[in-house]
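Going line by line, the protein sequences match chains H and D. Counting from 1, position 62 in the first sequence corresponds to residue 62 in our numbering; the numbering is continuous, with no gaps. Counting from 1, position 15 in the second sequence corresponds to residue 122 in our numbering; the numbering is continuous, with no gaps.
One or more hints might be untrue.
What follows is a set of in silico ranges between Cβ atoms, one per label pair, in the way DEER data are often shown [claimed, not checked]: (1) 176/D <-> 107/H: 44 to 50 Å; (2) 137/D <-> 52/H: 21 to 27 Å; (3) 173/D <-> 78/H: 32 to 38 Å; (4) 118/D <-> 58/H: 36 to 42 Å; (5) 54/H <-> 211/D: 18 to 24 Å; (6) 183/D <-> 107/H: 44 to 50 Å; (7) 19/H <-> 115/D: 37 to 43 Å.
In short, the hints are calculated from the structure, not lab data. From the three backbone atoms N, C-alpha and C, an ideal C-beta is built for every residue, glycine too.
In case you want the letters, here they are:
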Amino acid sequence: SYELSQPLSAAVALGQTATITCEGENIGSKNVHWYQQKPDQAPVLVIYRDVNRPSGIPERFSGSNSGNTATLTISRAQAGDEADYYCHVWDTTSSVVFGGGTKLTVL
Amino acid sequence: EVKLVESGGTLVQPGGSLTLSCVASGFTFTTYTIHWLRQAPGKGLQYVSGINTSGGTTVFADSVRGRFTISRDNSKNMVSLQMDSLKTEDTAVYYCARGTRSLVVVGHFDSWGRGNLVTVSS
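Take these sequences, add in the hints, and give me the full structure.
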């Protein structure tokens, strides 16, 4: 079955750039989507199909995907960006697959 | 405004049954797939099931296939998740989410409900 691997945690200084990775075999050939989930709230889509931002998501959020790694980048990090972040792909054999999630702390 | 509202979550005994409902508003319901996802306490997101626009095609995660049934009533903008033979490991917050227009390849989920807690315990 297809698996996605994310670091359990990441930290970024206020105003700096955070990067969260999502690793999977040949993930560059798949569409990767990213969700932000704050405590006791539903997930929110922040990036879809690798690089696209839904309406209402700040330009500070961006994505990339190549080889075996997809990356979510958050520029000029704010306190309100503290959350869990999940990557998601669709695989022909495993169907919908989520990464385990990364807890982002803004210092 | 796109809105999805889940209901029906409660405490149920192992082996029991429960039906969750999701009522949608703010968009043309018949042109989107609808999905259920869940999150066990303190855990990550897990896909449960999805249904296409007409209700004629469904998909299930291996962990629930044969126990859960999904259906939709386009006249009521509603999707239901019938859960049978519930296990303690089904305990989770269940989210209803809007997908893309096709179930052939399940794309992103761009709108989510607030979630509904299902607790399976004796």
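Outcome of the hint check:
1. 176/D <-> 107/H: 44 to 50 Å: holds (47 Å)
2. 137/D <-> 52/H: 21 to 27 Å: For residue 137/D and residue 52/H the Cβ distance comes to about 24 Å; the hint holds.
3. 173/D <-> 78/H: 32 to 38 Å: Given range 32 to 38 Å: violated, Cβ gap about 45 Å.
4. 118/D <-> 58/H: 36 to 42 Å: Holds, since residue 118/D and residue 58/H (Cβ atoms, about 40 Å apart) stay within the stated range.
5. 54/H <-> 211/D: 18 to 24 Å: Since the Cβ atoms of residue 54/H and residue 211/D sit about 22 Å apart, the hinted range of 18 to 24 Å holds.
6. 183/D <-> 107/H: 44 to 50 Å: Because 48 Å falls inside the window, the suggested range holds.
7. 19/H <-> 115/D: 37 to 43 Å: holds (40 Å)
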